[in-house]
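Peer 1: Residues per chain are reported as follows:
Protein chains: 2
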Amino acid sequence: MKSLPKGMVTEEHFEIRECVQPVELQTGEVLLKALYISVDPYMRGRMSTSKSYIAPFEAGKPMEGGAIAEVLESNVQGLEKGDVVLGNLPWREVQVAKGEGLNKLEKGVAPLSYYLGILGMPGLTAYTGLTCIGKPKSGETVVISGAAGAVGSVVGQIAKIMGCKVVGIAGGESKVHYLKEELGFDEVINYKEYKSLAELSEAVVGSCPNGVDVYFDNVGGEISDAVLLNINRYARIILCGQIALYNSTEVPVGPRPQIALVKNSALMQGFIVRDFAGYFPEAVKALAQWVKDGKLTYHETVIKGFNRLPEAFIGLFKGENTGKLLVEI
Amino acid sequence: MKSLPKGMVTEEHFEIRECVQPVELQTGEVLLKALYISVDPYMRGRMSTSKSYIAPFEAGKPMEGGAIAEVLESNVQGLEKGDVVLGNLPWREVQVAKGEGLNKLEKGVAPLSYYLGILGMPGLTAYTGLTCIGKPKSGETVVISGAAGAVGSVVGQIAKIMGCKVVGIAGGESKVHYLKEELGFDEVINYKEYKSLAELSEAVVGSCPNGVDVYFDNVGGEISDAVLLNINRYARIILCGQIALYNSTEVPVGPRPQIALVKNSALMQGFIVRDFAGYFPEAVKALAQWVKDGKLTYHETVIKGFNRLPEAFIGLFKGENTGKLLVEI
Chain G
90 MKSLPKGMVT
100 EEHFEIRECV
110 QPVELQTGEV
120 LLKALYISVD
130 PYMRGRMSTS
140 KSYIAPFEAG
150 KPMEGGAIAE
160 VLESNVQGLE
170 KGDVVLGNLP
180 WREVQVAKGE
190 GLNKLEKGVA
200 PLSYYLGILG
210 MPGLTAYTGL
220 TCIGKPKSGE
230 TVVISGAAGA
240 VGSVVGQIAK
250 IMGCKVVGIA
260 GGESKVHYLK
270 EELGFDEVIN
280 YKEYKSLAEL
290 SEAVVGSCPN
300 GVDVYFDNVG
310 GEISDAVLLN
320 INRYARIILC
330 GQIALYNSTE
340 VPVGPRPQIA
350 LVKNSALMQG
360 FIVRDFAGYF
370 PEAVKALAQW
380 VKDGKLTYHE
390 TVIKGFNRLP
400 EAFIGLFKGE
410 NTGKLLVEI
Chain W
90 MKSLPKGMVT
100 EEHFEIRECV
110 QPVELQTGEV
120 LLKALYISVD
130 PYMRGRMSTS
140 KSYIAPFEAG
150 KPMEGGAIAE
160 VLESNVQGLE
170 KGDVVLGNLP
180 WREVQVAKGE
190 GLNKLEKGVA
200 PLSYYLGILG
210 MPGLTAYTGL
220 TCIGKPKSGE
230 TVVISGAAGA
240 VGSVVGQIAK
250 IMGCKVVGIA
260 GGESKVHYLK
270 EELGFDEVIN
280 YKEYKSLAEL
290 SEAVVGSCPN
300 GVDVYFDNVG
310 GEISDAVLLN
320 INRYARIILC
330 GQIALYNSTE
340 VPVGPRPQIA
350 LVKNSALMQG
360 FIVRDFAGYF
370 PEAVKALAQW
380 VKDGKLTYHE
390 TVIKGFNRLP
400 EAFIGLFKGE
410 NTGKLLVEI
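So the sequence lines, in the order shown, correspond to chains G and W.
Under the working numbering, the residue at position 187 of the first sequence is numbered 276, and the numbers go up by one with no gaps.
Under the working numbering, the residue at position 302 of the second sequence is numbered 391, and the numbers go up by one with no gaps.
Worth flagging that the hints you see were computed from the coordinates, not collected in a lab.
Check the hints yourself; a few may be wrong.
Any copy, or any two copies together, can satisfy a pair, since identical chains are not distinguished.
[Claimed, not checked] Derived pair list, reagent style DSSO-like, types lysine-lysine, alpha-carbon separation capped at 30 Å:
id: 1; residue 1: K150; residue 2: K269
id: 2; residue 1: K224; residue 2: K352
id: 3; residue 1: K284; residue 2: K374
id: 4; residue 1: K352; residue 2: K95
id: 5; residue 1: K193; residue 2: K393
id: 6; residue 1: K352; residue 2: K150
If we strip away everything but chain G, and leave its shape as in the complex, we get:
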């Protein structure tokens, strides 16, 4: 990352640099070659100096995030040449890394890239946020914004498995088609078709005649305003992300949600996936089983080439991806 963006992140905030890394491995170090690097909306929050749950990125230093890499050389017990690991790594093609924090992946269980998606952070986020905060009951109506994204597409399918009526909100005809025809969502609202909050709210009413019991919010902004107008008593609103607001330079302003929460004894809760680390074993087991049984359909958008990482990351905020977006190195 060349510089901290103010407002919308663009290509000019990045540069590709050639670096010389030490060749001699110390004890406890491995030499890694990146195979897949994940781009995720939460990373935009680290490109800022404001107070957050995670330290900011520094201008002039590499971006960092979930990655799958192959071990080229190892000075770490339990890891050897040819092993594949999952870790939180700087965006580098080849690098020396410490062994701590790397998880060796079992080959052959699922495509390796799945560990950056359905069996990794986005899948765990979907599972824990929906079940630990949303606590959906069979027959309830679950609405998901950013429904075609890496997290939203999994949330909707889990909610279907749990017997809920599932309504997605997404932008564009191809996403609507994907969610309805491939993932089995009951209803999908294409927010781009509506010109005002009132119109969008009418669309929510039309898709949710019994109101909204659970709202899994990846987006924020006006889409959420429309959903909030239609929540039921004891509704649960899961704040997973606010991608519509991440590139704002001013404090985002909108209708105060507090009145709807008081009137409906409703709950709104933010979280990050680590808050529910205790549920990860249960979540991975369930997700892997559903994938195996064909109950969970998983879609990746794969962009090839290390130098296209900035382009891929920026694409997240333009709503370009369907399913999990990642870069194959």
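Position chain W relative to chain G; hints supplied.
Peer 2: Relative to the frame of chain G, chain W by itself:
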């Protein structure tokens, strides 16, 4: 209530009417004479036709709410002349009422009016909201807006009993003095001294050097914006009321709180006291004991005269009362 107010409620929305009530009691009816009538902020929500948890008041019909009344005549088993009851009653000096929903009060336990306050709805609201949603831990910082009101003043004292640092927000020097000197709050912010959100936020920082863990919000609006800028990770925000917004004619707009909730994995939950009815026996027992032991100080503002009910009610929204506001008939 003569007409539904749009915007601030005023005397012209009320009128005192003389009515003739049937004299002959049917089986299951009592003749009641009101002793104390409660005025509460939530009633403003019923003076509106918007969707809520409770049916709206009708123009031309009496207001209704918590009241303590003496039985003048009874056709109800278990109630006799001279008994005192608590019920949800129309604002009338004398009336025929059904026996269902009336609770006979034991005389001599506490002043009768306490059942409209510390041992009634406001006390139960304070206890259940703070403990069931806020779940404060010893050593945490609890901030309360509307701190000198019927609910806020009890919340702060319970939080002190639970070992928390308690910071109240209230308007005016006499309230600050009352909360600090009489109720033992650690810090009190007089919001009227601050001219901007930034200044008020600085005051919150000054009073809460370790940040805000629990925020019991009776008020909403800009006061809450200032508190939200200073919440800690895993903060709990209890939405009890939004009195600053109840008289708005437009949709209240402000900084979106969702980003602070996501960044801090924080929770914001609305409630009404009935949501926690299962905790009432425990709550009444604890509150009565604390009052008896002198750990809970209770303050009432009593206005005398049935015809001053409108004036008393309107006073709630002007921030005129300290402690519980009620009308003695």
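Peer 1: All hints are to be evaluated individually against the structure, with a verdict given for each.
Peer 2: Each hint tested on the structure:
no.	hint	in the structure
1	K150 x K269	neither (42 Å within a copy, 50 Å between copies)
2	K224 x K352	both (20 Å within a copy, 22 Å between copies)
3	K284 x K374	neither (42 Å within a copy, 55 Å between copies)
4	K352 x K95	between (37 Å within a copy, 18 Å between copies)
5	K193 x K393	within (23 Å within a copy, 76 Å between copies)
6	K352 x K150	between (47 Å within a copy, 23 Å between copies)
Violated hints, listed in ascending order, are 1 and 3; each of the other numbered hints is respected by the structure.
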